[in-house]
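Visitor: Letter by letter, the chains look like this.
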Amino acid sequence: MTNLSVSETSPLRRRVLRAAVAAAAAVCTVVACSPVSNGGSGDQPGDNQSAGQDSFGTPADPAAVKQGGKLVIALSAEPDALDPTLSRSLYSRYVFQAMCQKLYDVNEQAQVVPQLATALPTTSSDGRTVTIALRQGVRFADGTAFDSAAVKATLQRHLTNARSARKSELGPIDGVDTPDAQTVVLRLKQPFAPLLGALADRAGMVMSAKALQSLGDDFASAPVCVGPFKFAKRVPQNSIDVVKDPNYYEANKVHLEAISWRILSDASIRAANLRSGDAQVADSVSTQDVGSLRQDASLSVLQSQSLGYQGLTINIGNVDGVGTAPKPINRPLAQNAKVRQAFEHAIDRKALVGAVFNGVHTAACSPISPASPFSSPEAQNCPAHDPAKAKQLLAEAGVQTPYAVTMLASNTPDTLRLAQALQSMVKDGGFELKINPVEYSSLLDEQDRGNFELLQLGWSGRIDPDANITNFVGTGASQNVSGYSNPQLDTLLTQARQAGDVEERKKLYGQAVALLQQDDALIYLYRQRNLTAVSKQIQGLQVFPDGVIRAAFAGFTK
Amino acid sequence: MARYLLTRAWQSALTLLLSTIVVFFGVRALPGDPALALAGEDRSPEALEAIRHHYGLDQPLPLQFAQYVERMAQGDFGVSIRTGTPVSSMLTTALPVTVELAVLAILIATALGVGAGVLAAVRRGRPAEWLANGLALIGLSVPHFWLGLLAILYLSVATGLFPASGFVPILEDPVDNLHHIVLPAVILGTGLAAIIMRQTRSAMLDSLSSDYVRTAKAKGLRPRAVITRHALRNSLIVVVTVVGLQLGGLISGAVVTEQIFGLPGFGKMTIDAVFQRDYPVIQAVVLLTATAYIVINFFVDLLYSVIDPRIRVTGDPA
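Residue numbers (this note's numbering), protein chains in the order written: chain A, 125 to 682; chain B, 264 to 581.
Since the hints were derived computationally from the structure, they do not count as laboratory data.
Take the hints with a grain of salt, since some may be wrong.
Partner residues are not named here, just some residues of chain B that face chain A (Cβ under 8 angstroms, in silico) [claimed, not checked]:
1) Gly-289
2) Ala-292
3) Gly-295
4) Gly-347
5) Val-420
6) Val-431
Glycine residues also receive a C-beta, built at the ideal position from the N, C-alpha and C atoms.
Turn these sequences into a full structure, and let the hints guide you.
Guide: Here it is as structure tokens:
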């Protein structure tokens with residue numbers, strides 16, 4: 125498939141599919157989008173970006189911004205505990221970004237760069253000793269010194285706290301040494317490449333040892349870290365306020381006096397607050413609103429392709445719940461990979477994102493984002509949309525058509541539109557899709573219990589590809605809700621996790637994607653764009669591919 | 264009177280106990296697991312187990328209930344599973360917001376509703392009645408969220424007269440507080456104003472055609488005195504009942520209004536807690552709402568006798 129044409133999707137029986145094709149065709153006509161279905165082509169720069177190039181925002185020009193002012197950011201969901209050890213939501217990362225710096229950070233190219241460390245870590249030849257040099261002259265918001273002892277106290281808390289969400293991310297750490305105040309040495313039981321990615325996220329946020337001692341498990345009530353801003357006030361389920369921290373080592377680069385995150389879960393209310401000037405930034409803009417917000421001369425929309433994905437998980441062995449040994453399920457979809465491949469061939473991803481998300485999100489066929497340094501042509505290969513082949517595969521599998529499949533999905537408007545578009549699309553491939561919408565908490569519950577045939581969910585994505593793959597498809601992994609197991613894939617993933625070289629890991633992930641597409645326990649559908657609307661009164665606000673809003677060094681335009 | 268109060272108190276306590284049981288077990292019968300909702304994307308079996316253990320969710324249900332009742336008896340509402348904040352402190356922040364919103368909404372609704380109702384009854388068959396009836400119909404039919412969105416669109420985004428969201432506590436800045444809360448209160452009050460208007464109108468029509476009003480008129484009292492001192496006073500009994508019953512409805516209406524205007528009140532807290540399966544918060548909120556209903560009904564009954572001395576409270580409330 126070199127471009128989308130009506131003949132490839134005929135016969136068009138449903139209005140939704142007609143709308144899908146029309147919208148996608150319109151998008152393609154305007155921006156001449158290229159397909160993802162040709163193996164390898166997806167790796168080209170600019171590919172998968174039919175709605176325009178990414179725009180991450182630019183750093184503020186100190187001469188053009190005022191000093192002071194309170195920035196109000198309308199957030200779509202409430203952050204959970206403001207404790208780097210316990211935090212589990214994307215939204216707390218927005219707040220942490222302003223007040224809890226990390227050993228490493230991520231740049232626009234999704235590469236890891238030093239933040240509280242002075243350079244990338246040095247790893248011993250056997251891959252088991254990682255040495256990190258720390259910045260000097262840095263103080264926490266409570267005035268205490270930032271040193272290797274604080275890093276050690278933080279990492280030990282991550283590793284030993286019973287409710288820690290960081291323990292597994294830190295991998296096989298055996299111990300933490302502090303040869304001097306500015307050096308931390310991590311000893312590993314075996315090499316662990318994803319460690320760097322973890323230290324560029326919450327696991328790398330260093331907490332004040334004094335605050336940890338006095339607050340213990342209540343650290344979230346008054347978190348103390350190193351950052352441009354320090355915690356001021358939280359009104360649960362409503363707002364979080366931080367104020368400029370005079371102790372910050374580069375306080376002269378901080379222009380704002382305060383930042384307030386206000387939780388407004390409705391997208392149109394967030395947009396209204398932005399337009400009325402009550403908020404200057406709104407996250408998670410709906411793809412339905414992007415057009416009108418872009419036309420507003422007082423606003424700009426930042427967009428970056430996320431590192432995560434949205435996909436379909438097929439239950440092929442989750443009978444007794446996630447984490448238990450897979451058991452056979454007596455359904456052709458679970459037992460025969462050909463039926464699953466047929467389902468994948470029945471899906472026209474481009475038309476799907478065109479119709480449902482106005483072409484803003486992009487089609488995806490693998491867990492590795494093209495924005496990731498670990499992407500390769502093999503990792504971006506995409507099985508073609510081919511309803512005829514789908515029918516042929518179903519015939520080979522010996523199942524009667526239309527083959528009925530029930531899909532469990534979240535009951536949000538966006539997901540329901542996606543489900544309906546899918547429903548009409550896979551019909552041409554010989555499937556009869558039934559939609560079973562449930563509310564999000566119930567969906568998670570059913571998913572983990574294995575009470576589903578097919579389900580739609582996604583993953584927000586992490587910097588290191590291992591964190592986007594192994595946990596979901598590795599044998600017995602904690603989020604392998606499909607009950608999928610392929611020893612060959614497990615070996616590849618273990619090798620990739622222990623390899624120090626980017627090129628070698630790239631190659632291994634390319635091979636892993638090929639295996640994933642052969643077994644099709646997880647069918648990747650699309651990759652969301654992080655959409656953030658910003659008032660033009662604000663300069664220097666940035667959003668990188670990790671999806672985190674970087675507001676700490678922004679300022680109001682003079 | 265004392266016997267009546269005692270009976271009502273006993274009944275209220277029983278209702279509260281039943282509500283506690285229904286809420287506790289009802290919330291747990293919902294599909295969805297708070298540990299899963301909290302663990303979100305980063306969940307692992309160990310983390311889930313640790314969360315369940317930390318919040319006592321791994322204990323048998325009867326034991327959890329016994330512990331809950333014991334804590335409640337000591338005034339301890341527990342800790343929010345989502346944010347780790349004590350529920351009592353969440354309530355003390357959220358409750359004043361909702362109370363202020365509800366009280367303001369009811370004042371606005373009563374002023375508008377009673378005024379329009381009396382006007383419609385007195386000016387029966389004239390344009391004033393049609394207008395009042397038309398407005399009441401709109402007030403009843405248009406949902407809060409739609410009205411709220413329109414208000415934000417025209418009064419916040421387009422004209423900038425009112426803030427689109429946010430809240431300032433009354434003790435911090437009373438003027439700013441009023442500026443933030445007046446629009447949501449008006450929106451919340453519209454439905455109630457319409458109901459009050461209709462009830463007042465029909466009660467007034469009844470009163471105006473009754474013998475005592477005719478007598479009052481025959482005595483030569485001025486029309487204003489006839490309307491306010493005789494007809495309205497008797498009509499108010501209906502209005503008070505309606506206002507009392509609707510006060511509970513206001514709390515559910517506040518859920519939507521607070522969500523739209525981003526007010527950190529009870530309603531917003533409830534919605535978020537339900538979605539996150541934050542059991543301690545849901546339990547506390549429902550129990551407080553139940554208590555509010557019981558107390559309001561109690562006072563409404565007492566108010567009857569104040570407004571109309573012919574109604575006497577006896578030991579048998581039925």
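Visitor: Just to be careful: measuring from the Cβ of Gly-289(B) to every Cβ in chain A, is the smallest value less than 8 angstroms?
Guide: violated, 15 angstroms
Visitor: Does Gly-295(B) pass the interface check with chain A, least Cβ-Cβ distance below 8 angstroms?
Guide: holds, 3 angstroms
Visitor: Go through the hint on Val-431(B) and say holds or violated, using the shortest Cβ distance to chain A against 8 angstroms.
Guide: violated, 11 angstroms
Visitor: With a cut-off of 8 angstroms on the beta carbons, see whether Val-420(B) makes it to chain A.
Guide: holds, 4 angstroms
Visitor: A closest beta-carbon separation below 8 angstroms is what the hint needs, so does Ala-292(B) meet it against chain A?
Guide: Given a least distance of 12 angstroms, the restraint on Ala-292(B) is violated.
Visitor: Using 8 angstroms as the Cβ threshold, decide whether Gly-347(B) counts as touching chain A.
Guide: holds, 5 angstroms
In this structure, the earlier hints numbered 1, 2 and 6 are contradicted, and the remaining ones agree with it.
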